[in-house]
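Enquirer: Model the placement of chain B on the given structure of chain A, informed by the hints.
2 protein chains.
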Amino acid sequence: MKLNERGMLIVLSGPSGVGKGTVRRALFEKRGNKLDYSVSMTTRPMRPGEKEGVDYYFVTKEEFEKRIKENKFLEYASFIGNYYGTPLDKIEEKIAQGKEVVLEIEVNGALQVKEKVKDAVMIFLVPPSKEDLFKRLRSRGTEPEDVIEKRVKKASDEFKMAYYYDYIVVNDDVDNAADRIMAIIRAEHAKTMRSIYKYKKLMEED
Amino acid sequence: MKLNERGMLIVLSGPSGVGKGTVRRALFEKRGNKLDYSVSMTTRPMRPGEKEGVDYYFVTKEEFEKRIKENKFLEYASFIGNYYGTPLDKIEEKIAQGKEVVLEIEVNGALQVKEKVKDAVMIFLVPPSKEDLFKRLRSRGTEPEDVIEKRVKKASDEFKMAYYYDYIVVNDDVDNAADRIMAIIRAEHAKTMRSIYKYKKLMEED
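Residue numbers (our numbering), protein chains in the order written: chain A, 1 to 206; chain B, 1 to 206.
Hints in this document: simulated from the structure, not taken from any laboratory.
The list treats identical chains as interchangeable, and a pair is accepted whether it falls inside one copy or across any two copies.
Below, simulated DSS-like cross-link-like pairs (lysine-lysine); rule was C-alpha separation at most 25 Å, straight line: (1) K30 with K191; (2) K191 with K130; (3) K118 with K90; (4) K90 with K61; (5) K99 with K191; (6) K118 with K94; (7) K99 with K34; (8) K94 with K201; (9) K20 with K94; (10) K118 with K191; (11) K116 with K191; (12) K114 with K191; (13) K34 with K191; (14) K198 with K135; (15) K198 with K154; (16) K160 with K201; (17) K130 with K198; (18) K201 with K130; (19) K20 with K30; (20) K160 with K191.
So that you can see chain A by itself, here it is in the shape it has in the complex (with noise of 0.2 Å):
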């Protein structure tokens, strides 16, 4: 029996380079489609692989600029000359429905979040050493040497805001972090605060 009807926003961040989008993925896996994926707009160039919609919504400056002044922004950020931002439209009303939502984002971008959206599950993925971070940024191989050092260089600066987090989980092993969110989200949906109502209205229904 469930307490908790109303679904919830899972906002899923991290330091540049830790894995977050690998270990959503493999969260979906096995979570199946009680979980739903907010896909992130973005400005920046497609990358071999990727596919319009299901890795991002790329757009244009131009059409990005548009959203932010007609506020269809939940947060978004700019990197390294390109806009990341997550689409309001339909998230409030997944979450009404009971559905999971689970943002994928940068660290700034979560920190919007969390302003607006109060009982947001904030989850900070982190590498089992920033060494471990660090060489796997550098192997990436799909960007030229200036960017991956700028990523470097975030990354050292993201690794402090993990105090604004509600949890921290470490990416030591794909299958490991994705089990780790999975139980948080369990434990999430028992929370008092989130379940009171309902039991209260289940307690004085006899």
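Expert: Below, chain B without anything else, positioned relative to chain A:
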């Protein structure tokens, strides 16, 4: 990799007759030797099938009151002429060793623990409905009618105490309830407030 090396105190409570003991035993079967159960002390007579040091430590009223004066309880309460209490010794020690210590206690005692151990994980076990619980209490059959009626009255009052807990877990099925508690324990280990110190150390090591 574990970010939280410290154990935790898990308080499993709920209205009389909800099945705290059954769920606790199912939890221990699943979770194995990582969990440590804090055996309570009582002055009530041993019931058929109960074992000294397993279900309770059974002591005399005089012995119990001596221990109260010596400040040897984390919490204690009296109910229908008998004392029930949680011996202090060893709990802190076990938590420091990284163990998860489970207390299965009555609602009033649980609230005393919350006051003393700020980061205790407070779980309130509830029946699928009030009627379900009352039926269960009445069919227990090991106690005289007037004691059962006192329990029904007590349970009705205890329902209102859910507000003071971190989590509400429905005991619709013993296995499900134990699984939910396992998810809660796992999620609590990932809580930022529990792991931030070790995380900081890790990130400074490189």
